[in-house]
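Novice: Please dock the two separately framed chains into a single complex, following the hints provided.
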Amino acid sequence: MGEMTDSPPERSSKRLPPQATMGLLDYLTTHALDEDYAFVSRRKEMAAKATAAKTRPTRGSGAIGAFVLAIFAVLVVTAALQTSRNSVSSEQERRELASQVSAARAQLEDERALLRQLRAEAAALEEQQLRSDASAQGLLDSINLLGAKAGTLPVRGPGVRLVADNAPGSATAQSEVLDSDLQKLVNGLWAAGAEAIALNGQRLTTLSTIRLAGGAITVNARSLRRPYVVTAIGNEDTLPARFAESSGGQAWLDLQREVGLRLSISPVSSLRLPGTEVSLRYANQEESGGTP
Amino acid sequence: MIAIIGLVVGIVLGLVLTPDVPLAMEPYLPIAVVAALDAVFGAFRAFLDGIFDDKVFVVSFISNVLIAAVIVFLGDKLGVGAQLSTGVVVVLGIRIFSNVAAIRRHLFHA
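Chains F and D, in that order, are what the protein sequence lines are. Quick note: to get the working numbering, add 1245 to the position in the first sequence (first position is 1). Quick note: to get the working numbering, add 7 to the position in the second sequence (first position is 1).
Derived from the structure by calculation, the hints contain no laboratory data. Computed from a prediction, not measured in an experiment: that's the story for all the values here. Please note: incorrect hints may appear among the correct ones.
Output of the computed footprint for chain D on chain F, the stretches with three or more beta carbons under 8 angstroms from beta carbons of chain D [stated by the list, open to error]:
| # | segment |
| --- | --- |
| 1 | 1266-1274 |
| 2 | 1280-1287 |
| 3 | 1313-1327 |
Every residue, glycine too, gets a C-beta built ideally from N, C-alpha and C.
The shape of chain D in the complex, shown without the other chains (with noise of 0.2 angstroms):
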């Protein structure tokens, strides 16, 4: 329940400050929203499965930020960024596809 709220109150933070992007991490900025994504998703799964824990799930969270980031970041600077960020979205796209895979098993026990 805390965590819906949390979410509200983060969008509606979102919308209402609308925070400007520097324009050195504007790049980086989807690639973090897919990585948080996955954080996000393995967190319900966890969740679900009954092993949830916040450390885990912080520390997960912003790893996965951060090195998302940074990949992206030295793919720009050794000229293969497009691809990097190709690779990275996909690799979390399968995880994040398994994991609501397995959240839908749970919730609808099919």
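If we strip away everything but chain F, and leave its shape as in the complex, we get (with noise of 0.2 angstroms):
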């Protein structure tokens, strides 16, 4: 402090102040020293010379000293306990954030299972109910029907199996699969004539979307994970073929070609594609409808 206010009065005369010819680093090296000390101690010095006989003793008891050096300690171990404690709590913090995340994602896991069952089980209710007449066999036969075709119930038949996958070596957003290049291949398949479609076991349905969120592509709002598998049930045999001719396989064409994607098609002679919820909130049924 005080380096800027008052200067010593032997300098102050002729001479610019150090601060103003000197490097500021060179200053400050120099001068690292309070200038007030060597001031003070000098005034004492003449103060002492000007009264020889009252020669006080330079150095008090030191108890202000000391004081202020107890502040200093206790502002030290604040700052330390400070910084300690917040560090503690924000790991605390981490932690705790981290072991609610699990604790939600099991329950999450938990209720979808709970779901999966009820759903068997209503199932299963609902066919022993309508099978016990004969007269309902007809629309239990139906649902099945009207399941299957929008993908609510598991199927089984011919198809193909199809593995998208990024291309080797390359880790560059360019040379990934994205949403759209799966959402072509998806309708590619539907033109080549495929009955029923899962994208890595998640069942198509006519509420399904292929869309990237968070860095993953989603599909009915679970995220997939390369390499992409689509099993798509339909002629086993023409299917590959008519696929190649959809505009989609020709943008799969173009893509292996130019981009490096990889992709495999391989007939499959049974195929199993799961059932997947589709609930409808706001489409209600027509009254008077209600045929297949």
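Specialist: What follows is the structure, given as structure tokens:
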């Protein structure tokens, strides 16, 4: 402190103060000690010379210095405690959040399992109920047919399995399979006559979307991991050829050639595609209709 | 001797009381500690030089702490808080190092 304001008397007359002529770093290193100490001691000396008789001891009891040092120690300890406490609390927070996330995830999984179980139960009860009644047998059949069509019930049949993956040995976004690529793939399969399609075990229904969410391709609100396995039920003999002719197939041919994406198609004699949930909240059935 | 006692008492007090820093002051505490450290090393060097003075120490300590905190506060208000605290730490750090070098010369005559 004090370097800027008061300069000792012998310097003030002629030359500029050192902070004006020196470089900042030089000044800092040469004037590390507060000049006031030198100033005050010089003044004391002069005072002592003037009144040579009354020479007080230059240093008092040191109580004030000790007091300030105590304040300094409190400051240091407080700052250190604060820092360590903050780091501990943020670490705790992080851990707590992580445990909350995993707990919520476990709960979600439990509830999903419960949902599956309840749905299976409901389906079994429905079937039982309808089977007991001979006239309702037709109704049951139509329900099963509708479920298979809509994608809510698992289906079985011959078809093809396609495995799409990123270009080998590269990590750029350009050489990755995008949601639009999968959309083209699936569209091509529909165009080629596929009757049911599932993406990594996620059945595509009337409400399914294939989109990029949070860096992962998401179908039926589930994130998929590569490689993307597309299973399609249809005519296993004609499906690959017709897919290759479709615009989606052409697009994938280009992707394979230009970008290096990998796609393999293999016919499978028997595939089983799972069903998934389709819940309508706003769309109501028309009253008079009901024809399948 | 009494200075060391004061230091120990301060440490014990800080550990026992663990005073809570108001949230508004929290960002300025570390820089205040660095400023205080500079004042303390300066005082120690002055003591070894034989020109130590209680009053100067007190004034330099308080003004160091206050000015450092105010500079950072101002910087925060102007949006250059981080840069200004870096500047303060650099300046005070250089001072601390050269003071410690002087203290070392005094203590070890090297």
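Novice: Go check the segment 1266-1274 of chain F versus chain D for me, would you? Three or more residues, Cβ under 8 angstroms, otherwise it fails.
Specialist: holds (count 3)
Novice: With a cut-off of 8 angstroms between beta carbons, are at least three residues of the segment 1280-1287 of chain F near chain D?
Specialist: Contact hint for the segment 1280-1287 of chain F vs chain D: holds, 5 residues under 8 angstroms.
Novice: Mind checking, does the segment 1313-1327 of chain F have 3 or more residues with a CB under 8 angstroms from chain D?
Specialist: It holds: at least three residues are needed, and the segment 1313-1327 of chain F offers 14 whose Cβ sits within less than 8 angstroms of chain D.
Going down the numbered hints, you'll see the structure goes against none, and every one checks out.
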